[in-house]
Amino acid sequence: MKMPHFRHLTLSLFVAIAGGLLALSYAGAQQITINVLYPGGDQPGAQKTVQALVTPFEKAHPDIKVAFQSVGWDEAYQKITTDLLAGNAPDVIYIGGRWIAPFAQLGGLLPLDSYVGQAKRDSFPAGVLKGNEFKGKLMGLPVAFSTKALYYRTDLIPEPPKTWDALLADAKKVTQEHPGMYGIGISGAAHVSTTSQFFNFLYQAGGSVFDDQGHVTLDSPAGVEALTFYTGLYKTDHVAPNPVEYNREQLPVLFKQGKIAMMIIGPWGKSIMGLDPNNATVPYATATLPCDVRCGGIQVGDSIVISKNTSHPKEAYEFVDYWTSLQAHTTFDLNGGLVPMVQGEQSNAAFQGAFWEPYLTMISKGFPQPQPLAWEPFQTIITDMIQNVLLGKQTPEEALRAATKSIQDKQLEPSAAGS
Amino acid sequence: MIARRNLGLVGKHLALIVLLVVMLFPVYVMLKTSVTSFDALFGWPPSWWPPHWSLHNYVEVLVGGYRFGQAFLNSAIIAVSTAALSIVFGFLAAYGLSRFHFRGRQALLFVALATQMFSPVVMIVSLYQIMRGYHLLNTHLAVILAESALAIPIALWLLHGYLESIPVDLEEAAMIDGCSRLGSLRHVVLPLAAPGIAMAGIYTFIFAWNALIFPLVFLNQDQMYPIPLAMSRFVGQNVVYWNLLMAGGILATVPVALLFSFIQGVFVRGITAGALKG
Amino acid sequence: MSPPIGTEPLARDRTGTMRTRLRRVFDPDASPTVYLIPTLLFLILFLAYPIAKVVAESLYRDVLIRPDLGRSFIGLRNYLDLLRDPAVLRSLRITVLWTLLSVAGKTLVGFAAALLLQHPFRGRRIYLTLLMIPWVTPVVVAAIAWRWVLDGQFGQLNGLLSALGIIHEPLSWLGQQGTAFLATATVDMWVGIPFMAMVLMAGLQSVPNELYEAARIDGAGAGQMFRLITVPVIRPILLVATLLSSVWTFNSFQVIWPLTRGGPAGATTTLVVRTFTTAFGSFDFGRAAALATFVFALLMALSYGYWRLLQQEA
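Chains as they are written, first to last, in our numbering: chain A, 1 to 419; chain B, 420 to 697; chain C, 698 to 1011.
No lab work stands behind these hints, which were simulated from the structure alone.
Errors might be hidden in some of the hints.
For lysine-lysine, the following DSS-like pairs were computed, each having C-alpha atoms within a straight-line distance of at most 30 Å [unchecked claim]:
1. A:Lys308 <-> C:Lys750
2. B:Lys451 <-> A:Lys48
3. C:Lys750 <-> A:Lys410
4. A:Lys135 <-> A:Lys410
5. A:Lys405 <-> A:Lys135
6. B:Lys451 <-> A:Lys259
One chain only, chain A, in its complex shape (with noise of 0.2 Å):
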């Protein structure tokens, strides 16, 4: 049997692989290109959204190109941390608003104080622009935003509740009525909508995650009776199937299914189930949360950031802003079945209706997301909680305490910030 040669096989490979990039690599480099970095870009639809961004740019701003790289969202956290770490991150990247606090503590974020003038930071609802500052300096800026409403199945459940003895005696209901089906689907799944679930029932019961100087507060009488509410939703009072597999973004296809009669999402919930609130098989409606103590839903956002290592941070900055303007944003958002959130968007007709009603209310009455130092670890810190309750493994009261301690203990308080 004849060999192959390998040796020349390899060299001529990396030859080939050789000439290849520098052929690549001659384009020619008269225009400045801002690379962004949008995890989930290549979705059916972000495509879309990426072109209605970038064409009216480019044409506004002949000497600028802008190129996309798109990432699963799985793996943009460890993508975009590498490469702040290493000082040869994109020129904008676009993360959850919850990263901001660790990557502005790596040092790897552009503050943006000298580019934003008054009139832009007008255009946000004060809460948002506020969850985008790191040390009193402002890092980023908003977009994605979202709050959340009930969706309650309507031909089940004649009137939306609005306390919580209101909400779980209607899905007591549904389910002891409907075999097979449950009144209420929650996200106990290590996912961040989890937290994001959670924490609107603290707020409900005037509880927080940290006070005003940054130390955790979990473990309270109100942060106990709302775990003891949310785990008991599927632990004592069976009407919510095992949370612990889900997380917040698998519901509605169970609302679709027919599973659950009740769930709390954002917008996307809709553009999920694909279906309009009057259609025929599960006629839905939307509601504001209903309340305990207090009224509110927490507000949470991703937000658009400029990497410190850029060389070009003027011009990152013009795409910036391009992309949180009215006209833009505005796009942006129905594309993303988003809350409007720049003001003026509010009063486009795309977004008036009962359907948008709640959603638009819950801007006033909400809270931003927690920040402490570094969100992963504390995204499992608190999905471990209430997993573990759910599980069995803790009662409420050990899995605040036991919270509390491992937040204090990694040192994720915002007030173990130093300065």
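Position chains B and C against the provided structure of chain A, taking the given hints into account.
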């Protein structure tokens, strides 16, 4: 006697069929899901036969915005190069360790094994800095070099075991006839070692075909992504497009499986000659 | 086995000066240097150097999101903290159990497959090709496919069990601690069985047929032949295969992470998963480096013991 043998044969086939049905269950699910539309995925109980066949997912994955064809090419480049590099370096070192007996020989073999014990997860940052220093970021070469570093020790092990089973007499005869060692290597050993080389090549090919972490960290442009990384794009922030994901999975697997079935004979021979004798 | 060649001085180099000795070191006919150097250099640059950096890093306190704390030398403190951390010890327990389970499964099923496929018969080629499919599937693809199979509401596994009447309500396989542990181990087995089967097949085929013939003439039954002929011959290969498999399985990351991310409630957080989250979640690189080095040392010790066992066999 004949009946007993036939019964044995039937039993063998039965056992193998049961084993394969169980093992290939996920592949069946992959196939079924890949021809189903997204909306039809979520029903209980799940269907056994897809209600409406459609190759739409494959079209979407290959030709649509996902550029899977490009990803396939990237994977091929990385895998073939890694295999080639691993074979060359692995074979040379294996020859050196097999044909020369010197102190520390066993230790080096053990070191080769030891390289497998350090999880690449933590090495990423230092490797990233090395690649950056050589201006190799966003090149396939960076991925190839990193993957090869992990694959060469195994190729070395496999080839060493194989070489040990090739008697030295043939080389010695050639050298007595005036051939240099390098010459005898080329003309005598290499042809005999062909199955072992093929086996090492296939193993390292599949190893590099799996590459996810290094491409994730070293590559900055979508069009450079190999398949595992390209597939991660189907996982959105809110929802997982299982239908597209499975179509991509089938595309990632089937060609390699077909390739394997063709060179299977060579491969089995390569293993057969006591390939793992330490 | 093979007598050492090239170690006797050739006639032309008997002078023994420094220069000739040096030339001899690089002589491809006489010395292994030329064959070993390229590979050694490559591995030193791209493997040994990063590993050395990580080991060095483990001696520092380096938490990247606390730049105010700086990067300071703390010696073995990271290791001491590790060994006293109940979460780490839990991960160690989980890793050992998981590895044992998965390797046992791979060995048993792989051995069964090897036994069935060792002799040529009609159709063997097809079976072999089909058996190899889990191996040629990229691990990430396999993990994602299994995640869909195991889905708690719409997965096919639930569908199958429900059709067989074993369960009535779909089970959340990845949502409960015990089943998540078993499920991830099963997926790891699935990925590793083909390679194990191939290696063991090679081992089985290396048993000379004459031994079986002689035994059959002497009237030995199948069971006896297996125990007294097959097992002793295949033992060294079996040991090497399980050693390699154990080392790989111990550090298996690409199977667990897409399936459970180490959950639920840490039930599948093996040491490598913990290393990853410590580095890229908590940004505690000193700690993560110590974890990785600890695993390395552990595996080294284990395999050294194995190795000595093997040497005694030979």
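Keeping to a limit of 30 Å between CA atoms, is the pair of B:Lys451 and A:Lys259 held or broken?
holds, 24 Å
Keeping to a limit of 30 Å between CA atoms, is the pair of A:Lys308 and C:Lys750 held or broken?
Cα-Cα ~26 Å, so holds.
Are the Cα positions of B:Lys451 and A:Lys48 separated by 30 Å at most?
holds, 29 Å
Regarding the pair A:Lys405 and A:Lys135, is the alpha-carbon distance no greater than 30 Å?
Holds, at about 24 Å.
Between C:Lys750 and A:Lys410, does the CA-CA distance stay at or below 30 Å?
OK: C:Lys750 and A:Lys410 at ~25 Å, within 30 Å.
Measure nothing beyond the straight line between the CA atoms of A:Lys135 and A:Lys410; if it is 30 Å or shorter, mark the hint as holding.
Satisfied, since the Cα-Cα distance of roughly 20 Å is no more than 30 Å.
Consistency note: the structure conflicts with none of the earlier hints.
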